[in-house]
Amino acid sequence: MPGFANDDAVHLDRPEHLDALFGITMELASELWVMRDRLAVIEQLLDERGTLTRDDIERTQPQGENAERLARERERFLTRVFESAARPGGK
Amino acid sequence: MSTAQPTVPDGMRADVELAQRGRSEMQFLQAMRAGLRPLQARLRERLEKEAALEEAAGDIARLREAADEVLAEDPRLGIAGAALRWNRAVLTPRAVDAFEERADELAPKAAPPAPEKIADRGEEAVPRYWRYEFHGTAGGWDGHEHMGFIHHELVYRYLLVPSFPGDIFGQRTRVAELAPRDTYTDICDLGCGTGQFTLKLAQAYPEARVTGVDLSLAELRYAQRRAAEAGTEWDLVRAPAEDTGLDGESFDLVASFILLHEMPPHAIRKVFAEAFRLLRPGGDLVFSDVAPYRLRSPYQAWYDDWDAENGHEPWWRTAATIDLVEVARTAGFTDIRQEALGQQSYPWVTVARKPMEGLA
Chain S
1 MPGFANDDAV HLDRPEHLDA LFGITMELAS ELWVMRDRLA VIEQLLDERG
51 TLTRDDIERT QPQGENAERL ARERERFLTR VFESAARPGG K
Chain R
1 MSTAQPTVPD GMRADVELAQ RGRSEMQFLQ AMRAGLRPLQ ARLRERLEKE
51 AALEEAAGDI ARLREAADEV LAEDPRLGIA GAALRWNRAV LTPRAVDAFE
101 ERADELAPKA APPAPEKIAD RGEEAVPRYW RYEFHGTAGG WDGHEHMGFI
151 HHELVYRYLL VPSFPGDIFG QRTRVAELAP RDTYTDICDL GCGTGQFTLK
201 LAQAYPEARV TGVDLSLAEL RYAQRRAAEA GTEWDLVRAP AEDTGLDGES
251 FDLVASFILL HEMPPHAIRK VFAEAFRLLR PGGDLVFSDV APYRLRSPYQ
301 AWYDDWDAEN GHEPWWRTAA TIDLVEVART AGFTDIRQEA LGQQSYPWVT
351 VARKPMEGLA
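Those sequence lines, one after another, are chains S and R.
Those letters in the first sequence? Residues 1 to 91, by full-length UniProt numbering.
Those letters in the second sequence? Residues 1 to 360, by full-length UniProt numbering.
Isolated chain S, as found in the complex (with noise of 0.2 Å):
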């Protein structure tokens, strides 16, 4: 009833809430892949040089084997997301 409190309100209720959702989860996606690339750039580098600065970090550019490690677990990890997202009723 209008006025009273809604114990079960729903507000995204509309088609284009889903493309919301999804952009949002992109977003996600891709903040957590900012993440998880500094986090290899900091380990290569501790392993190289045992100390690091914060410029070191921004400097870095992956080369070679690392270039392509982290190539291969960003397209795992992307293939995931979209898998897991285009299961439910998937033929």
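Honestly, the hints are just simulated from the structure, not real lab data.
A few of these clues could be false.
[To be verified] Computed footprint of chain R on chain S, listed as stretches where at least three residues anywhere in the stretch have a Cβ under 8 Å from a Cβ of chain R:
(1) 20-33
(2) 36-44
(3) 50-59
(4) 69-78
[To be verified] Derived DEER-like restraints, expressed as beta-carbon distance ranges:
(5) A89/R / H11/S: 18 to 24 Å
(6) H11/S / E309/R: 18 to 24 Å
(7) L52/S / E105/R: 31 to 37 Å
(8) A67/S / P115/R: 33 to 39 Å
(9) L12/S / A89/R: 15 to 21 Å
Beta carbons: idealized from backbone N, C-alpha and C, even for Gly.
Could you slot chain R onto chain S? The hints should help.
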């Protein structure tokens, strides 16, 4: 770990390095494309099994309907569409952020040597279609002072070069070399952007005076920088390709690369008319653009059209279905021929000649 730049695509600066956030965000967007491939491969398998697509080939509206029916309950199409749409929506803003994060080092590499030399026909010459958002370039092609650098050095490097098959800069070279004559003296590149095709024209015909026309001042500014770094100089004009304001009969080659699909059909007709006006008698036209749907496989035609609809490409379908031979003939050209230079008929090149006086 080395701090050197990884493999640098053709025509790009070797000294563009992003900070960790910008680099990994751009790589994330690139990896989304790769991550979608298994989904897209299964969609393709499903569609190619359907005889309905073969039956509807040649009629893009029927082809889309047939595919919609097959995929009506398949969530993979929605996921791929939402993912690509989000990817395109954030691509330019992410690239701008990545540039800003390193602006102190990158801005000096983006600055044009003599921006006052770029001629400008002014706002009143800008056509309505330019105001649409295309290619998801949020904020517009002039949305940042250095959008030309951002688009060429970041968007191309991180997304377009790794995501699209074939050597996309090599394709520009092959189209430039397709012009009928061995030498030209005055070349006009319509829709030159940051000069990707212009540079190939300048390299193929080193004696020629080269003019580039584009509606984006930011793209022209970086084109000027790229020309200077290649040891050359171009006349650059901000103007619509269909109304350049340049002198008539002042060129012996008028060319364009992937310009026509950015504009409505009436503007395409005007571009051919403008090219005719710009050319001296006997001059050549070489326009390369998207492949016609009729030359694509049914699946590829369906994908082009679906992707264009979902990817800020308002004029792709009309460009992929228009008869450019008829358009060229109506504009007065003769010796018209068309040639496919790559797989699935892309690049698709239209070559024509302005007749010598008295022969039209």
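Results for each hint:
no.: 1; hint: 20-33; verdict: holds (count 6)
no.: 2; hint: 36-44; verdict: holds (count 4)
no.: 3; hint: 50-59; verdict: holds (count 3)
no.: 4; hint: 69-78; verdict: holds (count 6)
no.: 5; hint: A89/R / H11/S: 18 to 24 Å; verdict: holds (23 Å)
no.: 6; hint: H11/S / E309/R: 18 to 24 Å; verdict: violated (29 Å)
no.: 7; hint: L52/S / E105/R: 31 to 37 Å; verdict: violated (20 Å)
no.: 8; hint: A67/S / P115/R: 33 to 39 Å; verdict: holds (36 Å)
no.: 9; hint: L12/S / A89/R: 15 to 21 Å; verdict: holds (19 Å)
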